[in-house]
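**Q** Protein chains in written order, with the numbering used here: chain A, 1 to 363; chain B, 1001 to 1252.
The set of hints was computed from the structure by calculation and includes no laboratory data.
For each residue, glycine too, the CB sits at the ideal point set by N, CA and C.
Please note that a few of the clues may not be correct.
[Unchecked claim] Selected chain A positions facing chain B (Cβ under 8 Å, derived; list incomplete):
hint, residue
1, 319
2, 323
3, 324
4, 340
5, 349
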Amino acid sequence: MKAPSNFWNFEKDISGCGVFGVIDKQKNLINGTMPINAMCTMHDRGNGLGGGFAAYGIYPDRADEYAFHLMCDDQAALDRAENTIKEYFEISVSEPIPTRKVLSVKNPPLMWRFFVTPKERRPKWEELSEQDYIVSVIMLINQNGGAFVFSSGKNMGAFKGVGFPEDIADFFRLDEYSAYIWTGHNRFPTNTPGWWGGAHPFTILDWAIVHNGEISSYGINRRYLCQHDYLCTMMTDTEVVAYLLDLLIRKHGLSYEMASKVFAPPFWDEIDRMGAEDRKVYEALRMVYGSGCLNGPFAILVTDPNTMMGLNDRAKLRPLVIAEKDSMVFMSSEESSIREVCPELDRVWAPKAGEPVIVKVEA
Amino acid sequence: MGKKVTLDADGVYYKQLNEQIRDAIRNGAEEIELLNVRGQRYIGNAIDKPVKFLVHGVPGQDMAAFMRGAFIRVEGNAQDGVGNTMDDGEIEINGMAGDVLGYAMRGGRILVKQDVGYRVGIHMKAYMDKAPIIVAGGKAGDFLGEYMAGGAIILLGMDSTMPENAPITGRSLGTGMHGGVMYIRGEVPEYQLGPGLSFHPLEEEDMAFIRTHVEAWAKAFGKDAEEAMKGTFRKVKPFSKRPYGNMYVGTN
Chain A
1 MKAPSNFWNF EKDISGCGVF GVIDKQKNLI NGTMPINAMC TMHDRGNGLG
51 GGFAAYGIYP DRADEYAFHL MCDDQAALDR AENTIKEYFE ISVSEPIPTR
101 KVLSVKNPPL MWRFFVTPKE RRPKWEELSE QDYIVSVIML INQNGGAFVF
151 SSGKNMGAFK GVGFPEDIAD FFRLDEYSAY IWTGHNRFPT NTPGWWGGAH
201 PFTILDWAIV HNGEISSYGI NRRYLCQHDY LCTMMTDTEV VAYLLDLLIR
251 KHGLSYEMAS KVFAPPFWDE IDRMGAEDRK VYEALRMVYG SGCLNGPFAI
301 LVTDPNTMMG LNDRAKLRPL VIAEKDSMVF MSSEESSIRE VCPELDRVWA
351 PKAGEPVIVK VEA
Chain B
1001 MGKKVTLDAD GVYYKQLNEQ IRDAIRNGAE EIELLNVRGQ RYIGNAIDKP
1051 VKFLVHGVPG QDMAAFMRGA FIRVEGNAQD GVGNTMDDGE IEINGMAGDV
1101 LGYAMRGGRI LVKQDVGYRV GIHMKAYMDK APIIVAGGKA GDFLGEYMAG
1151 GAIILLGMDS TMPENAPITG RSLGTGMHGG VMYIRGEVPE YQLGPGLSFH
1201 PLEEEDMAFI RTHVEAWAKA FGKDAEEAMK GTFRKVKPFS KRPYGNMYVG
1251 TN
C-alpha cells in the first residue's frame, strides 16, 4: 500500500479532478447508484489513480458509535492497530468492510471496520473532550504507518482507493448503501503519489472533504496544524482541509461562513473598501488565521451530518456548479453529471469565487 | 435543405460520438442534431465546413475548439472552454456558459443568452478581416477580457441567474488588455478596471456596432433588442495603442 516508486512515470493526460455532491434536505435516502453514475459522466477528469465517496446516514443501527474504517498493509498491521484501538475503546463490532473482487482494482489493502465507543476509564488523555480523544488516538494509529484510519465519524463513512470512482464504488459495493448526503471524487494526482490513503475524501470525525485543485500552502497549513496536534500522514495536500475544518469549526467555534473566509479570504483591496465593522472582522480573520488560508486553485465540497458546503478559491481557478431539485441540492464540477442523474432541475447557477454555498438539512 | 442527421448521444463516449459526427460530415451531412448530450467533450472541434449543429443537453468541455465556419446552437447550458481558439463560425447558447469561453478566439461570433463564467474572452485576438465577437446577455465573472488583443466583448447584464445586486462583471477586468474593445451595459466601478485601461466615450459607430450584435442576440433568444439598447454602455479600451510597449524593451 506504499506510494508506487514510479508514480511520476505515467502517460500524461490533460485533465483535472472531478467532484460531485448531493444532499437531501429532508434526509430522504439516496441510493449509491446516483453518485456513482454522476461520477461516471466525469470519468475523464481523473486518470484511475484515485476514486472515493463519503456517505452520511449509512449506519443507522449503530448511529451512537464511532465507525472506524481502516486500510492496512497486512494482517500484522491490522493486529497492531486493533491492539491500539482495544486499549482506548470498547469495540462492539469488528468486521471486514464488504468488498467485491474487481478486475481493475489491483492489490487492495486489507479493509476493516470497527464500531467503537471510548473507554469509561481512559488509559491516557483523560482531560480531553471525547472528540479530541478520538482525534488523538487516530493520529497515534496513523503515524505508526501500515494501517490508517481513513473514516471515523458516526453514522457516516468514507470509501476510497486507487482506481476510477466507478471501480472503487464497485469494489466497496456502494450500490448497496443509501445515504442522505453523498460526495464523490475522481482523482488526477498532480504533485503527490496516487496511493490508497491519498484518494479522497479525507475525513476526521464527522467531517469529509473532496477537492479538485492543489493546495500550494500545504507546508504552512501542515505546520500550523502540527502545533494543534494534527499530524498529516496521507501525503496529499487535501488532508489539511479536513483537520482545519475540525480545528476552526468544531474547536474554535467559527461558523461555516467564517471558516470559508479563512480558506478563501477577500483580497486586501477588497477589505479596504468594506465598512468599518466588516473591515475589522476580515482583518482579524486574515491576521489570526493567516496560516489557515488555502493558497492555490480549489473547488471543495465539505460535509458534516447536517451540512454540505461548496467553495471555490478566490480567483475561481476550478469549476463548480450548484443545482436544486425539490429537497435535493447538487454540487459538481460539471453540470452534465447532475443532468445525468436528475435531468430536470429547478435552478442551476455557478457560485462566485470565494463565496460559499452552504446547505443545511431541515429534517 | 441539405442532408440532416440525428445522433442520440445517450451513454455514448465522447470519442465515439465525435467519430460519428465526423463520419456524418464526410458523408455529406449539412445539419446534425445531437440528442441527450451530457458532458461529451470536444463537440464540433476543428470542423471546417458550414455544418449546422443543434445540441440538446449539456455539451462537455472545449466545445467548438478550433472550429472554422460551422454553426452550433445549444439548447441548454454549456460548460467550460467553449470556442477555445475558434477561428470562424457562430455559436448560440440558449442558457449560460462556464469559464474561459472564447479563450484565444480569433474569429466568428458567440452569443450567450445568460451568464458567462470567469476568464471569458481572455487573449482574444484580431487580424485584418478576422475579428471575434462575444455577446453575453447576463453577467460575467472576474478576469473578463484579460490579455485581450483584439475583437469585441458585449456584456448586457440583463438575463442573469445571479442576484440583482451582484456586479455585472468582476475584478481584474481586462488586465493586460492591449487591443480590442469591451462594451458593458451598466455601471462598472473604476477599481475593477485592470491597469492601463480607461473608459472611452461612445461614438456613433460604437452604437451601430453594438446594435448589430445585440439585435442578433435578441433574435437568437427571443429578446427585445430595443430594451437592451435603452441601457447605458461603458466602453473599455486600453488608453494607448501599445500600453505595454515599454514593458520589456524601452522604445523612447
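**Q** All hints, please: hold or fail.
**A** Evaluated hints:
1. Taking 8 Å as the C-beta cut-off, the interface hint given for residue 319 (chain A) holds, the closest approach to chain B being about 6 Å.
2. For the restraint placing residue 323 (chain A) at the interface with chain B, the shortest Cβ-Cβ distance is roughly 10 Å, beyond the 8 Å limit, so the hint is violated.
3. Checking residue 324 (chain A) against chain B by beta carbon gives a least distance of about 12 Å; that is not within 8 Å, so the hint is violated.
4. Because the smallest distance between the Cβ of residue 340 (chain A) and any Cβ of chain B comes to about 5 Å, under 8 Å, the interface hint for this residue holds.
5. Evaluation of the residue 349 (chain A) hint against chain B yields a held restraint, the C-beta minimum of about 4 Å falling below 8 Å.
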